[in-house]
Structure formats: C-alpha cells, structure tokens
Amino acid sequence: MIDNFLKKINQKVLPKNYFFSPEWIVLGVNNVCNLHCKMCDVGTKTLETNFAQNLIGTQPLNMPLDLIKKIIDQMALYYPKSKLGYAFTEPLVYPYLHESLEYAKSKNIKTSITTNALTLKQNASKLVTGGLSDLFISLDGPEKIHNLIRGHAKSFQKAVEGIEEILKINPKQSISVFCVITEWNIGYLKEFATYFKGFPLKQIGFMHTNFTTQSVADTHNLIWRTKYKATASNVEEINIDNYNLDLLWNEINEIKKEKFNFQISFSPEIDSKTKLDEFYLKSEKKIGKVCNDVFSNIMIKSDGSVIPSHGRCYNLNLGNLNTETLKQIWNSNVLNNFRDDLINNGGQLPACSRCCSAF
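Under the working numbering, the first residue of the sequence shown carries the number 1, and numbering increases by one thereafter.
Hints listed in this document are in silico derivations from the structure and should not be mistaken for laboratory results.
All the given hints hold, so there is nothing to weed out.
With a cut-off of at most 20 Å between alpha-carbon atoms, the simulated DMTMM-like pairs for lysine to aspartate or glutamate come out as follows:
hint, residue 1, residue 2
1, Lys-38, Glu-183
2, Lys-172, Asp-134
3, Lys-259, Glu-269
4, Lys-121, Glu-99
5, Lys-38, Glu-143
6, Lys-107, Asp-73
7, Lys-202, Glu-269
8, Lys-8, Glu-23
9, Lys-282, Asp-241
10, Lys-69, Glu-102
11, Lys-202, Glu-161
12, Lys-158, Glu-143
13, Lys-105, Glu-23
14, Lys-273, Glu-254
15, Lys-227, Asp-341
16, Lys-282, Glu-236
17, Lys-282, Glu-237
18, Lys-282, Asp-218
For clarity, every value in this text was computed on a predicted model and none was experimentally measured.
Construct the complete structure from the given sequences, taking the supplied hints into account.
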C-alpha cells in the first residue's frame, strides 16, 4: 500500500525522474500469427498502423535466443521482481520458447504467456516444465462465434483441448481467459462465460474493444504528429455502428448477477448505459484518467528495439537491448519525456482514449 502510494506521488510530481522498477517486461518474441482475427490489424493485414508495426514491423522473424537470455540476465541483475510477459505476436510458435522459459526459471524470473491457444495442447508440457506462472488465453466467444472471428474452423476446440491438457499435467496452473467484446459476439458473452463454469480458471476478463478511429488520430496528430504519431488502429473490419449496445448492456448485467467459481471482470468497468454509449460512440472522449502502463511496462521487439508499454502504444524508439542495458532504457530521456508529456496533458494524449492502458 505504501509502495503504491509513493509510486503515484512519484508519477504525479516527478514523472521525468521515476525511481521505481518496471512491473513487467513485455516481449514481442516473433512477428507471426497463426490466426486471422477480425478485430486485429495483423489479422486483417492492415499493416501500416502503429499496432501492426509494433507487432510485426521488425526483423528477424524470431527474437534470437542470445537476446532473450540477455534480457533475462539483466532482469535478474536489475529488476529481479519484475515479470517477463511473452505477449506478441503468438508466443506458442516461438522456436526458443521452452529453452527461454527454462532459462528464466533458472534465474528465478516469473513468466507469463498470452496466447490464442491454437497450439496449446502440443506445448502444454513445455509450459508446465518451464515453470510458467500465468497463462492468459484470448478467446472470443462460444465455439461457432470464436471460430468465425478468428478465421479458423477449429480454433476454439483446439484451445479447449489445450486447457484440458494443461490442467491434466498441472491441475493448479493459473489460467485466465480474456474475451474482446466485438459486434460479432455481443449476445453470446453469457453463454461463453457459462461454458467455462466447470473449469478451474482464475478469471474471465471481458475487454471492451480497444480502437483508434481516423478522426481521433487526426485530432491527435494536429498537436503530436512529430513526437508521437497516431494512426487509426483495429477498425478495418469492425463497424461500431453494428454494436448492439442495448443488448450488450443487458448482457453485462446478466453476467454480473450470475455466480461463477472464478473472477469475472470487465475492462473498463462501465456503470451505466450512458457511459457505455460514450465509450463506443464518442471515442474522442477520454474514459480513463492516466496511462497505467507507461510507469510499469516496456515492450521489447524481436530486434531488441524497445517501445513504451506494449503493442498498442506509439511506435516510439526508447533504445535497443543490443547496445544498451535494460536499466538505461527504463530510465532513458525519451521515456521520461514521454511520461512527462502524458502527465502534463492530463494523463493521456488524444489517441490514448480507447487504449486498455488507460483503464
């Protein structure tokens, strides 16, 4: 509690001189995905956006093993309590996954993986023996809906088989499922949550769509184009006008009334239909108060280059792990100036308005 209080004071008063360690080191271990998600710029091949460039804009295709070991070594040296998150683009197809997990375990670094779970069953034993702390699985609804959104006829079934395999090997493995709310799964969210009632999950988290419209990007760029250029993101196939917000609001309330043996969360937590309408129909209006991740996360791409926070952030070059240390980058002038600009502009810039880091 005291530590969190001091962090908040530091962020507010001295954002250019942040004295605390990162909570997460997020990895973009590869530039490939094996699904074609309708709400993702990578899946829709909309490759000129910030989001796509952050996920697949670097070479080599896979982060070299010596680089990921260097990252782990520096975490053990400078930030041993930070967690290592394999998040982008699809970690389960990363060829050095098992070896790097084992190496992190040998250095007492806690690890997590965020995955679409298409190949989870094949990788289950590697994750368990690699000492994985948390498994985060991205699913989009019950079988028919999920498979439609992901562009794969058996992606839901394979994910469930993978979850069952993990639990067979390690019944106590921490598993959370996250579901992005889209026009295609509204009306099926309760069915989706109910399906997993028999699974010993840690939580199911429903995430309201993270997106940047062209109009929001244009407004942002009138002021910030030179320093922090924004692009429209994750709207190529999504049409907000197709969201049935009345049905969504009713479904959210029905889910919250239901009893589950795991935690149910919504991000952001929206407490009225009026605010739900504002979230989707008035995306220029800021919902959160401050970016929560710029003081807690950085993301390292496959070539060692580093950006703030994670894949949804601005494509801002903070440095490169091939030539600089993790500590130097975490305390770099570029990142400190970005933190300062955020705080001095109310905690967010205009194009941050629907990023999950603000909630």
